[in-house]
Amino acid sequence: MNNSILVVIIASGIAYGTPLLFAALGELLAERSGVLNLGVEGMMLVGAVMGFWAIQRIGGPGHTALFLAVAVAALAGAAVALIFAFLVITLRANQIVSGLALTIFAGAAGLSSYLGNDLGLADSPAEHQFEPVDPFGLADMPILGPILFGQTWLVYASWVLVVLIALYLTRTRPGLNVRAVGESPQTADAMGISVSAYRYAHVVAGGALAGIGGACFTLALTPQWVDGITGGAGWIAIALVIFSFWRPELCLVGAYFFGACQVLPLQLQARDYGWVPPLFKTGLFQALPYVMTVVVLVIVSSGIAKRRLGAPGSLGVPFVREER
Amino acid sequence: MTIRIERRLIQPHWLKVAVPVGSLVVAFALIAVVLLATGHDPITTYKDLFEAAFTAPGALSQTLIGATPLVFTGLCAAAAFRMNLFNIGGEGQLYFGTIGASAAGLLLAGQSAPVLIVAMIVAGFGAGAAWALIPGILRAYLSTNEIITSLMLNYVAGLFLTYLIFDSHSYWRDTTSASAAVFPVGKSLPDAANWPTIGSSVVIPFGFLLGIGAATLLWALYSRTRFGFEVQVMSDSPRAARYSGMRTRRKILAVMALSGGLAGLGGVSQVGDFLHTLDADPKGLRAYGYGYTGIVVAALARYNPFAVVLIAFLIGGLQNAGSALQGPDFPSGLVGVMEGMILFTALGGELLVRYRVRVGRKRRGAAAAAPEVPAAEAIR
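First to last, the sequence lines map onto chains D and S.
So for the first sequence, the numbering used here puts the first residue at -19; every next one is plus one.
So for the second sequence, the numbering used here puts the first residue at 19; every next one is plus one.
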């Protein structure tokens, strides 16, 4: 039963959705503060390469090394995000162009590839990698076992993170402040909230989470380093934030759905079902998340939905105190 | 003492040239620091780069080939961003240009070269424009933010392109030749559909000339016609445009179609100048990111069509030199790092064009003089 296609697709959808979830939660924090960062792919790749570098260089027992490697990946992602934050918050540069510039700078043909080359990381398997752990000994349970208890620590950590971010945004003063900054920076400024400090903090935190998302690839999913290993996951993460109406708990669902969409064609090809329409076995099926994101965006830009579910009011608008 | 940043009421013309040049100088200084830190000699690296891009035998021709798609995708972004329409779908629109152009080339096999070339241009422009009209229509009629929709459609277009050759028996796929049995490829276009080149020592691809022509037309359209004037008004003050009765929706559609068509031409020139087939390999055309690079080309050129051609030429040179020099002394990825740093300094330098940085005591009344700023970048 635990090998049935549904269970396998959900379980591997969760595994492949986890990097998307980390990166999307990070992007969600940045967007909730009113900053659209299109450089997620670049930040993920730098996190991926630095996390992999750390695991190759740090000795010691596996779990300590893995924990440190994730921390290094987060720091690397945050450092790259800081460049972007300085450009768009302090220097008031165009967010869209700056985000694309960040991806070119850090992405598959930029810094991440340069670092991978310079540090000699290609062509060797990771010293340690995240293995599935089963804290309660329930992994053999029918259906739910592989889905809920056959995952890595990264997956369990992402569940905790979803809860924490959801509570942060709805139940804490700084969380409410960041929403005010994203909706109406002028009002937030008048309330005495520092708009730039909040935006800096959340863009950098978003970069750290994107870095961890990248490390999910090099430390868990495909434990090695090749240029462009994230394969466009950063762009899916941006879609995911919209798909989940800028809400962390829906991000979780969306990430696993998007992850499942990526693994479904391969699983169907491997199992060779006659009754499945051939289109579902092709790569074209992987376009479904993007098409659905466009549909969701159309829905949220219509009147009623916009007020309840829409984007932060000032997303993409630089805040200049003197100009209002 | 305080540092104050105030919006300039008038942007002096000399600044619009001095700041980009200054940004380039700062960028190359910063890159020199990176090179030194990683154990490379900056002066020899720069000299090698310049030679590999422009002066080595055949280098200039290669640079022109690399620059051609960037001219078109740069014009695509410039055309749309001028109207505050952030079409970042140039990448997908370029793929559709290749699909349209190769369809035209295959369908009209046997026709003469001029007929084929014109048909490819028309079909590619049309295909790119049609793909760009999806976010255009959503924006014009449902006020859906075009930034994200056009971005998402890039991936749909890329997967569709791969589907045409790898996963289906489409019209474009070669199913007969021996090599096609080993690895899926597209049908080859007839020889008459191969675009001519001009020159012998320096080979100028026809696509590059077409790009200069397109830049000239775009410049004329935006600065010499009523259409261009109305687009300008709409971008500077959407409210004023609406009150004076300009047809905003139609303009959005027209500008998106024009922008997508220009990106489509980038795809057409790729097919006509050297691919001569539909390249659907995820590691081929899809991996180069011409559409995204075009956006930064346009931003560096401050959305001026002629400057787009110049910047595309320089970035094309940098990329060409990067792939020519790739090796232990010049690791892959260095070109992206250099491009990124040039962009960062250029984007940061923009602050000096738009704002005046004052160091000194606060002047009374300075803040009150700030003009209204259009908040057109907001996500609707």
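Simulated from the structure, these hints should not be mistaken for laboratory data.
C-beta atoms are modelled at their ideal positions from N, C-alpha and C, and glycine is treated no differently.
There could be a bad hint or two in this list.
[Said to hold, decoys possible] Where chain D lies over chain S, by a calculated footprint (3+ residues, C-beta under 8 Å):
#1 138 to 146
#2 183 to 193
#3 278 to 290
#4 349 to 360
[Unchecked claim] Ranges of calculated distance between the beta carbons of each label pair, as one might list FRET restraints:
#5 S:254 with D:177: 24 to 34 Å
#6 S:198 with D:116: 28 to 38 Å
#7 S:341 with D:136: 58 to 68 Å
#8 S:261 with D:143: 44 to 54 Å
#9 D:38 with S:52: 38 to 48 Å
#10 D:233 with S:52: 47 to 57 Å
Hints and how they fare:
1. 138 to 146: That given contact is violated, which follows from only 0 residues of the stretch 138 to 146 of chain S lying within Cβ reach (below 8 Å) of chain D.
2. 183 to 193: Check passed, 3 qualifying residues.
3. 278 to 290: The restraint on the stretch 278 to 290 of chain S is violated, since only 0 of its residues have a Cβ under 8 Å from chain D and three are required.
4. 349 to 360: holds (count 10)
5. S:254 with D:177: 24 to 34 Å: Check passed, 32 Å falls within 24 to 34 Å.
6. S:198 with D:116: 28 to 38 Å: Taking Cβ atoms as reference, residue 198 of chain S and residue 116 of chain D lie about 53 Å apart, which means the hint is violated.
7. S:341 with D:136: 58 to 68 Å: 43 Å, violated
8. S:261 with D:143: 44 to 54 Å: Holds, since residue 261 of chain S and residue 143 of chain D (Cβ atoms, about 50 Å apart) stay within the stated range.
9. D:38 with S:52: 38 to 48 Å: 25 Å, violated
10. D:233 with S:52: 47 to 57 Å: 42 Å, violated
Checked against the numbered hints listed earlier, the structure breaks hints 1, 3, 6, 7, 9, 10; every other hint is satisfied.
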